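> Here is how the chains run, residue by residue.
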Amino acid sequence: MSDAVSDTKKTPLTFIHQSLGAKMVEFAGFLMPVSYGSILDEHRAVRERAGIFDVSHMGEFLVTGPRAREFVNEVITNDCSKLAPGALQYSVMCREDGTTVDDLLVFVLGEERVLLVVNAANIDKDFDHVCTFDKHGVKVENVSDSWALLAVQGPMTREILKACPIFRSVKAQLDETAYYKGFSFAYEGDEVLVSRTGYTGELGFEIFIPPPHAPVFWERIVEAGSSHGIIPIGLGARDTLRFEASYCLYGHELDDTTSPLEAGLNWAVKLNKPSFRGIEALRREKEAGSPRTLVGLDLEGRNIARPGYRVIKDGADAGKVTSGAFSPTLQKSLCMALIDRGAKDASTEYKIVIREKQAAAGVTALPFYKSRAK
Amino acid sequence: MSFENVRFTKNHEWVRFEQGSDVATVGITDFASGELGDVVFVEFPRVGQKVKAGEPMGTIEAVKTVADLFAPVSGVVEEANTALNDEPSLVSESPFDQGWLVKLKLSDRAELDKLMKKSEYDKLVGKD
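Protein chains in written order, with my numbering: chain B, 1 to 374; chain D, 375 to 502.
Source of the hints: derived by calculation from the structure; they are not laboratory data. Quantities reported herein were computed from a predicted structural model and do not represent experimental measurements. Just so you know, even glycine gets a beta-carbon here, dropped at the ideal spot from N, CA and C. Check each hint, because a few of them may be wrong.
Result set (DSSO-like, lysine-lysine): computed pairs, CA atoms no more than 30 angstroms apart in a straight line [unchecked claim]:
no., chain 1, residue 1, chain 2, residue 2
1, D, Lys438, B, Lys125
2, B, Lys270, B, Lys135
3, D, Lys438, B, Lys357
Some chain D residues well away from chain B (every beta-carbon gap over 12 angstroms; in silico) [what the hints assert, rightly or not]:
no., residue
4, Gly411
5, Gln472
6, Ser481
7, Lys497
8, Val499
Next comes chain D alone, as it looks inside the complex (with noise of 0.2 angstroms):
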């Protein structure tokens, strides 16, 4: 998988664009996913509701905690992963796929800029 395309945030949060569109896709990163343990429950933010960067925007129930789940970028909520809600191991098993829990459509584009890229998240979480 290319990260090319892809932002970190300190929260352990990933953000995935596409050049030419004004949605992105977010995610948990498989850090954040290993330290949650088993996630059972998904806590979305409404589809039309507006997030704004670094606040919360829902949980992540697992079973020995619960973690906010932070908007990356500022956006209006476009999608939920709502395979979630029967299949909530999606987000340990394939965080950056499969697992993945929201799209946005982006406010600020350049707000992507002051975010993370792999090689410095991977140097955040002592993966290098």
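Next up, chain B with everything else stripped away, as it sits in the complex (with noise of 0.2 angstroms):
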């Protein structure tokens, strides 16, 4: 473990993390805080009143040039030609078989300038394949190292952002900004952006930051916070809090072997565009039905069902759980799985395999939860 932790790269934040005595591990490579404390309080926390994360391990490319867009357009499932600065979108990338590279987040920056916001473990993978693209004068550039990432998330976080002094210039604008929508503003003459996106369910807001500004925006936010009970939160609930508000997370729902029809997201999907790398292949799975869907199952008892754990029917093979979790805040046990289509038309019932047991349960609708207001 030693070993590991020094060859892995630290956030502007890590220090802080360790300060407040965070357990610490390696995550795509990065040095990150689990959890502070306790994964539930954290995810209560986020439910009820807010956090704040440090993803700043998210990788980001930043598209310049006359066509910035319509070279994204081509990179993506999604259809980012009609959306105006300051409008984000979510998106996948899929190779020419229809198999998913990534998913991500276009931020539509300016007229010309996209920033494409993709998960840390894949920040090479998907670097290599937006180089495969004709560059049509546009300029790609692995702009990573230079932002910070911060995540505030939960039913107070407009609040706690608008009592912080950093904040005080765009009061209006957090007010205004509507749900995958952004703006920027200058800190100190630097750059920086604010979108309305999160991967908790909750309202919230992410902030890009210039890296030597990191620290001073995370204790201005708690500091600001503190009275409406902002918590730091660790990567332990933000896997449980995306989890139940059912969001696919790459190298589970999502990987270099499934289609994003596969895992549900057909919204994100804009087979109606003239081209994107794998159009083709998902036109003619969608014509034949997709080989596996993602659903979401209830389970009988409180053992929680883990990825790559077998779901079968009627002592067949029906598919694969890809995250699980005893739900925080629904207080059951829930898991997402990919099944084979051909179980998957039959039935609404299946078992899963816990060690040498099985559990009974039943498909119920994503996303498990919905909260008021994103």
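If you follow the hints, you should be able to join the two separate chains into one complex; please do so.
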């Protein structure tokens, strides 16, 4: 463990997590906090009040040039051609065969400037992939080390940021910014980006900060939020929160063998676009029906269905669990699973093999949890 | 809390016994509960079930992981701490007291002598 840790990258906030006594792990090559105390307490804080996350490990690519949006639109399955500056979009990028390279956020910063936000574990793979496209004069840069990223999530988020001196000049924008919209402002002459996005299913903002300023942003937001009960949140609760909101996590619901249609991301795959990488394969898949389908399952009992556990139907394999948890908010054991087509058509009842036992599991709608306001 | 009548296993269970009684209480240590993180469910052995020292007798589901619960000594399950069904967090909050797991009727008291005393266990987990 100590060897692995010595090779890992740090974020501009690692020293703060360590000073808070967080349990640190290596994740996607970064030394990251799993939790600062109790994962369940952190989970509840975000559902009921607010939490602050260091997600600076996420990768960013900057695409610039007159045809920036056209270029991105060829890479992604969603359609960013009509997005105005200040708009964001969730998307996926695929290979020619329709398998998923990564899921990502597209942030249109200007007419000729688009930021792609990708998963930390996939930064190198994604950048190589993006570089296989015809550039048409655009410039594509891996700017992952130029941005620290904070997520502030929970129902009190807006009040907290408005009470924070750093955001004094943009209070109105915090009020007016709609879900999946963003804005930028200058802090000590440097550009800061704010988007109303997140990975928790709650109201929240993500804040892209030049790394030298990240510690002061963290400290000021925590100060402003202390009376609202804000606490720092680690990757443990980030996972249980995104799981309840039923967001895909690359490496679980999505991976190099999964298509976005299998993962239920049809809404982010625009097959009526003139073209994008993988469109032919995905059109064929839609026509023929996906080989697998992502479903939500509600388990009998309180054992947790962990990733990779077998899902069976009438004694035969029907699929595999992709993520599972005892939902802190809903107080039941839930999982997402990729179910083979034949089995899916036949049934809404399955069994999950949990060690030597089998737990009954019924299909339940996704998302498991939906907040009143995001 | 006195640990004079408590013995420990390398699997991080503790067993508390009393003079003149053949029923012992079993739990996991603070070290183990710290490593596991938030416990969300304990799957107990049945009351009346025979368990054998060193063999799994239940499971502990935590948010991030699942762990086997090993029987520290052989015996018959007398009672399970059903308070944990409503409040599994007691395993993390009070591992040596309210977060106890099962009571076992010992079948061989001499097995206790093979287990570690507190000072030995502390050495094992690097606490001394």
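> Compare the structure with each hint and give your call.
Okay, the hints, checked on the actual structure:
no., hint, verdict
1, D/Lys438 x B/Lys125, "holds, 27 angstroms"
2, B/Lys270 x B/Lys135, "holds, 22 angstroms"
3, D/Lys438 x B/Lys357, "holds, 20 angstroms"
4, Gly411, "violated, 6 angstroms"
5, Gln472, "holds, 16 angstroms"
6, Ser481, "holds, 24 angstroms"
7, Lys497, "holds, 20 angstroms"
8, Val499, "holds, 15 angstroms"
In summary, the one numbered hint that this structure violates is 4.
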